[in-house]
Amino acid sequence: MTDVLRIDGLSAGYGPLRVIHDLDLVIKPGERLGIVGLNGHGKTTLIYAIAGLTGWQRGSILLNGTQIGRTRSQGPGRYTHQIVRKGLALMPQGDEIFTGLTVEEHLDSGAFTREAWRDRKIRKERVLDLFEPLRKLMRTPVGRLSGGERRMVSIGRGLMTDAKLYLVDEPSLGLAPKIGQSVMEALFALDLKDSAMFIAEQNVALLEGRVDRVIGMHAGKLKGEASAGLGFN
Amino acid sequence: MELSFILTNAIVVAAIYGLIAVAVSITWSSLGLINLGYGFVFSFAGYCAWLMAQNVSEWPPLVAGAGILGGALAGVMICLVVFIPLHDKPNFTTRGMIGTLAISLIGSQALLMQFGPRAKALPEIFGFWQVDIGGVILTSDKIGIVVCSILMLGFVVMWMRGSRRGLEIRAMMMNPHAASIVGIGIRSTGVYVMAMTGAMAGLASVLLSQTYYVAPFSGLTPLIKGVSIALCGGLGSVQGAVIAAVILGLTEAVTSRYLGGQYVLITQFLVIILILIVRPRGISGLLDKAREQ
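Same order as they appear, the protein sequences are chains A and B. The numbers in the first sequence follow the numbering used here, run straight up by one, and end at 233. The numbers in the second sequence follow the numbering used here, run straight up by one, and end at 1293.
Excised from the complex, chain A in its bound form (with noise of 0.2 Å):
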């Protein structure tokens, strides 16, 4: 079976800036990974950089065998919507929602593949079986949600096609920790099938005993490989 995801040689940054440095990374099928990092060691980045998002990077990444990573210099984001149709849901930080529109339009916009937006309501009961309390917001504006509401919507939004590969940015960044337990107890409840789960996080407690990998990254480089249950140092 073809790794989910293979980075080899990976760099990136934003303009003169380089944040990863030579990366290399294997995620398996069925797999939940979780990296650890403090801010500003390039967690996001390295997401941006599978999705086309930074501002240049060059190395290769194979998404289910098909290249997606050639060397780009220019225009972030040019190719974004192309790469993650063939796979990719990504359920950023900062949660990068649609103010105006309400709750179920944006499980709607989720739903960008053709057998997605064929059956989208039962997508969305799925969903919403995930995360109950979005049921009665359904017709609210997102703009009006509170900050955990919002972290489900925009996490709920990536649930809503069949993707390789999950890629879910600090989903505990700014709840509660209470309301931040929850959604990680939902990440962690999603049968993955075959594919996988690519978790970044600060807060390596929520993801102990939960994940199959835990890497650590430091200064663009990943650092350090725990299997889940021991410390992680």
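Note that these hints are calculated values from the structure, not bench results. If you're wondering where the values come from, they're calculated on a predicted model, not measured in any experiment. Be aware that one or more of the hints could be misleading.
Computed footprint of chain B on chain A, listed as stretches where at least three residues anywhere in the stretch have a Cβ under 8 Å from a Cβ of chain B [stated by the list, open to error]:
1. 79-86
2. 93-100
3. 105-111
Ideal placement from N, C-alpha and C gives every residue a C-beta, glycine not left out.
Starting from the known structure of chain A, fit chain B onto it as the hints suggest.
Just chain B now, kept in the frame of chain A:
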């Protein structure tokens, strides 16, 4: 009698400028492009309608349809020539504005070379009847213009609310970065947006040439008014643009009745400046339900 005459005139003017203002507004908020190419779209659509009337048939739906299609075509042309090559380059807003202005001037010049400076008249597509409602005489073209604009605007709003493409466009209006994350292609959406707004400008052109003529540079004034009305309504808001169009239509009707037509541009822009001083982000700020971020 006097008042009703002013009011009906105001509504007619508002209907035409409103179409262009909404088009400018939608283009700006979804693509981040201040499209000054509507001047060309406007004249191009006018000539398309005129060619249809001259060579094929004067049947009204056909003439109007030719104008709308011509507008959409010109919109797509601008999209291919300016938007797609430039949209992800640095400083796109300024470049896009200058690029579309260039298209507007080049295109109008080309029309001048092709058709000559003489203005062309379109057939009266709404006929010559009139209705008398309680002493207010409504002529056929007034009714036709208002009804057509409202139909077009209604269709566009319905399409934006109901269809999948509309959802994509609205998503892009609110957060283009997030739109690419959910697989919405900026370039393909750009083609839809420009075709749709071009069609709106095309219809506005056919409607306006019921009172004026089709000429190579006839799009310039509607363009300027459309852009400033859109600005006044708060770029990016459809309701704001409609309200601003009504206010400025009223200004135009009142001015041309009491001061004379030559003062219209002066009073109109005074009103625009006044609104922008009081509400720098336009009228739409009053209507927003959700604050940004």
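Just pull the numbers of the violated hints for me, sorted ascending. none
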